[in-house]
Each structure stands twice: as structure tokens, then as C-alpha cells.
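A.B. asks: Start from chain A and add chain B with the ligand according to the hints.
One line per chain: the protein sequences are A and B, in this order. Mapping of the first sequence onto UniProt numbering: residues 1 to 270, in sequence order. Mapping of the second sequence onto UniProt numbering: residues 1 to 406, in sequence order.
Do not take every clue at face value.
Using 27 Å as the maximum straight-line C-alpha spacing, the simulated DSSO-like pairs for lysine-lysine come out as follows [said to hold, decoys possible]:
1) K180/A to K115/B
2) K152/B to K162/B
3) K180/A to K176/B
4) K152/B to K73/A
5) K180/A to K116/B
Pairwise CB distance ranges (calculated) [to be verified]:
6) A12/B to D256/A: 57 to 63 Å
7) D216/A to D62/B: 56 to 62 Å
8) A12/B to M1/A: 41 to 47 Å
9) T113/A to S16/B: 29 to 35 Å
10) A249/A to R41/B: 52 to 58 Å
11) R41/B to D216/A: 38 to 44 Å
12) M9/B to Q244/A: 52 to 58 Å
13) R164/A to R17/B: 17 to 23 Å
14) N147/A to K4/B: 42 to 48 Å
15) L44/B to D246/A: 52 to 58 Å
16) D330/B to T113/A: 21 to 27 Å
17) R79/A to M9/B: 36 to 42 Å
18) E168/A to D346/B: 55 to 61 Å
19) Q244/A to D62/B: 55 to 61 Å
Since the hints were made in silico from the structure, they are not lab data. Cβ atoms here follow ideal geometry from the backbone N, Cα and C, with glycine treated the same way.
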Amino acid sequence: MSRIEGVLKALKSQGRKALIPFVTAGDPHPDETVALMHALVAAGSDIIELGVPFSDPMADGPVIQLACERALKHGTSLRRVIAMVKEFRETDTETPVVLMGYLNPMEAMGYETFADAAADAGIDGILTVDLPPEEADEVAPLFAARNLDPIFLLAPTTTDERIRAISEHSSGYVYYVSIKGVTGSASIDVDEVARKVAHVHELTALPVGVGFGIRDAETAAAVGRVSDGVIVGSVLVDTIARHQTDPKALHQALTDLLNPMRKALDSLAQ
Amino acid sequence: MSVKLTEDMLKALPDSRGHFGAFGGRFVSETLMDSLMTLEREYLRLKEDPEFQATFDKDLADYVGRPSPLYFAERLTREAGGAQIWLKREDLNHTGAHKVNNTIGQALLASFLGKKRVIAETGAGQHGVATATVCARLGLECHVFMGSEDVKRQSLNVYRMKLLGATVHSVESGTKTLKDAMNDAMRDWVANVDDTFYIIGTVAGPHPYPLLVRDFQSVIGRELREQSVAQAGRLPDALVACVGGGSNAIGMFYPFLGDESVQLYGVEAGGLGIDSGQHAAPLCAGRPGVLHGNRTYLMEDENGQIAGTHSVSAGLDYPGVGPEHAWLKDIGRANYVSVTDEEALDGFRKLTRIEGIMPALESAHAVAYGLKLAATMDKDQVLVINVSGRGDKDIHTIAQLDGIEI
Ligand SMILES: Cc1ncc(COP(=O)(O)O)c(C=O)c1O
Numbered sequence: 001m002s003r004i005e006g007v008l009k010a011l012k013s014q015g016r017k018a019l020i021p022f023v024t025a026g027d028p029h030p031d032e033t034v035a036l037m038h039a040l041v042a043a044g045s046d047i048i049e050l051g052v053p054f055s056d057p058m059a060d061g062p063v064i065q066l067a068c069e070r071a072l073k074h075g076t077s078l079r080r081v082i083a084m085v086k087e088f089r090e091t092d093t094e095t096p097v098v099l100m101g102y103l104n105p106m107e108a109m110g111y112e113t114f115a116d117a118a119a120d121a122g123i124d125g126i127l128t129v130d131l132p133p134e135e136a137d138e139v140a141p142l143f144a145a146r147n148l149d150p151i152f153l154l155a156p157t158t159t160d161e162r163i164r165a166i167s168e169h170s171s172g173y174v175y176y177v178s179i180k181g182v183t184g185s186a187s188i189d190v191d192e193v194a195r196k197v198a199h200v201h202e203l204t205a206l207p208v209g210v211g212f213g214i215r216d217a218e219t220a221a222a223v224g225r226v227s228d229g230v231i232v233g234s235v236l237v238d239t240i241a242r243h244q245t246d247p248k249a250l251h252q253a254l255t256d257l258l259n260p261m262r263k264a265l266d267s268l269a270q
Numbered sequence: 001m002s003v004k005l006t007e008d009m010l011k012a013l014p015d016s017r018g019h020f021g022a023f024g025g026r027f028v029s030e031t032l033m034d035s036l037m038t039l040e041r042e043y044l045r046l047k048e049d050p051e052f053q054a055t056f057d058k059d060l061a062d063y064v065g066r067p068s069p070l071y072f073a074e075r076l077t078r079e080a081g082g083a084q085i086w087l088k089r090e091d092l093n094h095t096g097a098h099k100v101n102n103t104i105g106q107a108l109l110a111s112f113l114g115k116k117r118v119i120a121e122t123g124a125g126q127h128g129v130a131t132a133t134v135c136a137r138l139g140l141e142c143h144v145f146m147g148s149e150d151v152k153r154q155s156l157n158v159y160r161m162k163l164l165g166a167t168v169h170s171v172e173s174g175t176k177t178l179k180d181a182m183n184d185a186m187r188d189w190v191a192n193v194d195d196t197f198y199i200i201g202t203v204a205g206p207h208p209y210p211l212l213v214r215d216f217q218s219v220i221g222r223e224l225r226e227q228s229v230a231q232a233g234r235l236p237d238a239l240v241a242c243v244g245g246g247s248n249a250i251g252m253f254y255p256f257l258g259d260e261s262v263q264l265y266g267v268e269a270g271g272l273g274i275d276s277g278q279h280a281a282p283l284c285a286g287r288p289g290v291l292h293g294n295r296t297y298l299m300e301d302e303n304g305q306i307a308g309t310h311s312v313s314a315g316l317d318y319p320g321v322g323p324e325h326a327w328l329k330d331i332g333r334a335n336y337v338s339v340t341d342e343e344a345l346d347g348f349r350k351l352t353r354i355e356g357i358m359p360a361l362e363s364a365h366a367v368a369y370g371l372k373l374a375a376t377m378d379k380d381q382v383l384v385i386n387v388s389g390r391g392d393k394d395i396h397t398i399a400q401l402d403g404i405e406i
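Next up, chain A with everything else stripped away, as it sits in the complex (with noise of 0.2 Å):
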């Protein structure tokens, strides 16, 4: 059992949610991502997605666009990212981290070479936002054979029989992404949110973690009800945006931002 099946299965006995953040790898600084990833964990995050920076991140809004700019400043090429992980796996073996990035990255880098790497450094999941299941068929079996569990996005526009698709494709768990638009755009609508999510659910096994316009604890436990996992990520990276210089400052903020979202999730559970 990988470590994100481990972990969302747990929580399912335990009739609890997923808290998944998303921060860009590298921002504000490359030395603080892992101190920043402690952070995380001990505000109750229970999975990180880590995102890798690039230079056009197609999908993502001003604030994640910036983020990816601040990162590169620094040099946070995709082998930094996975030496954090690395690093953050000295004292942390329980929580999963998942990578989020674009394809070009991970190919430049050679995805044997890639996959080696993740896998060795203790990385759990991959996320690759422009590589659908039908391009994947080089990296698909790199994956499968270190254990890296490929996580495929599902869109409000995706069909039943993509869904099926993409879920035969998928382990750990799948993410639905809430709206049509990029990172950090528009507010959700619960409701539509909560009927696609429980139609997904008809069509595949795996957990649904549900992210894009999440920004505040009712809407976190709005659309934990629904689903197996909140992904929080753009009003996360804004903090750190906001906090650039003073890191601990930006660890209280964070803290501030996840602790009642955790209780949210948590009171479903009552």
C-alpha cells in the first residue's frame, strides 16, 4: 500500500477528511521550503502537494504564476525540489508529498532519471497538470515500478467515460479541479461542486480530493462533506507571498489560515 493510500484510508476509518495545501517549491526562498513544509504538517495538513516551479505555468492565476517567478529567482530547478524532499523526509516518513508541475521539467531531466530520483528522495505522488492519461504511456510504467502514484485531474467538463478513463489511469487519488479557470479565479459554486463530486464517485473507487477555489473553512468543510480531501493552494501562496521576509511571521499566518480549516474537517466527522 503506497503511503497516500495508507494515509487516505486511515482517515476514511476514522470518518475524517484529507487536508491537502499546495505551496510552490522554492517560494519565498529554496532554503525555507522544508521548514515551510513542517509548517505545514503541523498545522494538520495530513498530504502536501509540492508545486515545481516554470516558467509558463499555463494553468495557474497571477498568484501562482508569481510564485513559480520567485522560485526560479532562486535557481529551484526540479532537482532542488527533489533534494527538499529528500531532506524533509530525514524527519518526516508519515506524511505523503505529492509533486505538481509541468511536463517539461520532468522531461529535460529524463523521466527514468526523474522517476529514479522521486522515488529515491521519498516522493509519493505525481501530479503532471499538462500530461493526460493519453500521453503518458512512456512514463506511466516508470511510475508503476517505483511505486510514484500518478494523480490525473478531473475537470468540470470531463465525460463519464473520460472519468473512467482517467481513474483506470490513476492511483492514490484523482483530483477534481472545482472550476473552469485557472488557479486562484473564481469562488465555487458548493452546490454544483457537491452534485459532480457525488457523480464521480459513482464512477471510480479511488478517493476524490477536491481543489481550486478553496480559500476559507466554510467552504473547506462545504466541499469536505462531498469528498474524500480539500486541496488548499492559492490563498496559501498569496500568504507567502505577503510574507515574503519574515519567516516566522509567515509560519503563524499559515498556521492561522489551515488550524481552522482542520477543525472544519474534523467537525464533520462528529
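C.D. replies: Only chain B with the ligand this time, still in chain A's reference frame:
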């Protein structure tokens, strides 16, 4: 190494997943997949629909002014002192470039699909103008994304778009040029996918764009075959076209891919020289990677981050290139070369002064290389340069380089 391309081989490309050999494909976020699959299905249907094709042909004739002439450049031929130089005059099209061939086709697709809102990216502004033009004609809402650097250097085209009723969005992210305009157009499309048609301006992007843009632009090469036989008495020996994303080049080359005797030359922007690193020549100096929905040659650093590009010509200032060109390079069917900013400016001046034809700075790259190539060929050989657009839009840039304020 070169392979003989049979008609069957050519018909089979791209394959059903949009691949040209190792290149092309559909690398986009999931939200867009359904739209791209619908577009592919509808396009393949309409491609065989006589009504759609008849409307397209009629628009090209009556609205664009096709066929564009094939012109024998007698004085330029004498200047080069080698092969006969002929010019395919895409600069004479309505709106002043080849770009309109494609926007007519895609706007027709948008209408057939019932989409009322159109978006486009643009570099030099020619594709933006061509898109704004067809949208004005069809009454479609038009949004053009343009890097803020390009907004500055192509101010004339920005104003043309506004006059035509389009909204121009100045893009401030990344390098503020064509690639960033394309990123923002994609972002807009993800958010408005239900009612919006994205008119991509070149043979790049996810499948089926490289296929359909190539098909729409192939009118250039189809006309040229007939004109060359009628006017020069034979097929050309060499074709020369500039390559930004590669749409004017593929449109010219495609109908000749099976003719082994026809040499193909794609001219990339060498900027300040390939060795300087300040250029936009991914086929000459890049390596394969994935950007904007397809696998192709890219300019990137060792970590897979897309590199900044430089060219005096905004329309060539792009770090990628259409996947079909990447494939033609790898199988050795086409040659990809580069000329520097300075050589291109020299080409611009020569064509202007010797033939009275002012080419776009993009096309001037093809002119510069064509002159060099012609000099190495025999006098009875036929070389055709694609003059993809006219130079009015670049006059500010050229005046500035000459230190003149206008
Ligand atoms: C006149 C002209 N030629 C060429 C190009 C380059 O595009 P492509 O390589 O797709 O023909 C442009 C792009 O703006 C252009 O305006």
C-alpha cells in the same frame, strides 16, 4: 538522411492523437480536453463538407483576394546572380499577411460550432489584426492577447485591432512577448471554454491546431504549384520561408512534401547570432520538449525552463515551433537555417530598393536567406521566396534603428 514521403504516409500524419512522429500531441490541462476533442471531430467532419469548403474558398477569393500572385523578381535575380528568384506575394492579401488565410478558416469553424466569443494571441500583431478583421465581418466578440513588449513595438497594429472593435489585452507576465500572450490566451480559454473559440495563429498548440492551421494555410503551396508550372514552366527547385511558429512555411511546403526534387528551407530568427544565445531559432539550436500543448523543439535551459528569445521581428520571437517542422527536420525532409537581425534588415532594404516591395521583418528573413541561396544555384533553377507579409507595421522599428523619429 532523407526519406521519400509517399502520399499515404503524408495522409496518415498527424496520427489520431495528433502526433507527427515523436512530436505534436495534446499536452493540456484536463479542462480543455473535451473542447479539443470536439474541435477535432467537428473539423474532420467539416473538412469533408462541400458547403464548408465552398464557403472557405469563396471567402479566400472575394474577401482575401486570392490567389496571391507569383511574381518574377527580375532585378533581384540579377542582384543575386544565380537562380531565378520568384516571390509568392502573401503580402498582398487583405490585412497584409498570410495570417488571414487561417483566421478565415477558423472563424468559419467558430461559426459552424456556434461560438460567439473569439480569443487569439499575437506577436507582431498580424494574426491579431487578421482575427479582429474576421470577427468584425462575422459579428463575433474578439479578445486579443499580446505581450506588453510587442504592444510597444507594434503600436500600429494595436490601433488597427482597436479600430476593428477588438479588445487588446496587454500581457505583463514572463518575457512579455508571444509565448506569454499564448499562456494568457490559454488561461482565458480554460475559464471561458463553453462559449469561446480560440483562434491560434500558427501551426503550434495542441492537436488539432497544427493540423487545421496547416490545412488552411496550404492554399499557399497549392496555388504555387499551379503558378510555377504555368509561369516558370516547372516545379520550383527551392522554397524559402521564414519560421516563427511555422504557419506560412508549412502552408508553402506541405503540397510539395512528396516532391523530392523540391528543396525546402525554413529560416529561423538568428537574432544577434546563434552563438550569442540571443535568438529565436529552436530548430537550429534547441532541443525537444513540451510547451503550449505539443512536443516540439524548444529553447530552454538545462532544467527545462523556457528560455527568453530575441528577434528584431516580433512575429518570429517565439521559443517553440510547430511540431510538423520538428518532424520534417528529424526525417531530413526540410532544412532549417537562420539569419541574423542585421541580415534580415539588409534583406528588407534590398527588396524595398530593388523591387519596390517592402516586406515584413519576418518575411525579410526569408528574403535574406533566399538571396544567399540563389547565388549558389544555377541560372536555370527556380527559387521561390514566400513574402509572408508586408512591412508597413515595421516602419517604426526600422526608423528607430536608423535613428529617425517619425
Ligand atoms: C508577416 C509574418 N510572417 C511570418 C510570421 C511568423 O509566423 P509563422 O511562422 O506562423 O508563419 C508572422 C507572425 O506574426 C508574420 O506576421
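A.B. asks: Please go over all the hints and tell whether each is borne out by the structure.
C.D. replies: Verification of the hints:
| no. | hint | in the structure |
| --- | --- | --- |
| 1 | K180/A to K115/B | holds, 17 Å |
| 2 | K152/B to K162/B | holds, 15 Å |
| 3 | K180/A to K176/B | holds, 25 Å |
| 4 | K152/B to K73/A | holds, 25 Å |
| 5 | K180/A to K116/B | holds, 18 Å |
| 6 | A12/B to D256/A: 57 to 63 Å | holds, 59 Å |
| 7 | D216/A to D62/B: 56 to 62 Å | holds, 57 Å |
| 8 | A12/B to M1/A: 41 to 47 Å | holds, 44 Å |
| 9 | T113/A to S16/B: 29 to 35 Å | holds, 31 Å |
| 10 | A249/A to R41/B: 52 to 58 Å | holds, 53 Å |
| 11 | R41/B to D216/A: 38 to 44 Å | holds, 41 Å |
| 12 | M9/B to Q244/A: 52 to 58 Å | holds, 55 Å |
| 13 | R164/A to R17/B: 17 to 23 Å | holds, 19 Å |
| 14 | N147/A to K4/B: 42 to 48 Å | holds, 47 Å |
| 15 | L44/B to D246/A: 52 to 58 Å | holds, 57 Å |
| 16 | D330/B to T113/A: 21 to 27 Å | holds, 23 Å |
| 17 | R79/A to M9/B: 36 to 42 Å | holds, 40 Å |
| 18 | E168/A to D346/B: 55 to 61 Å | holds, 58 Å |
| 19 | Q244/A to D62/B: 55 to 61 Å | holds, 58 Å |
In the structure shown, no violation is registered for any of the earlier numbered hints.
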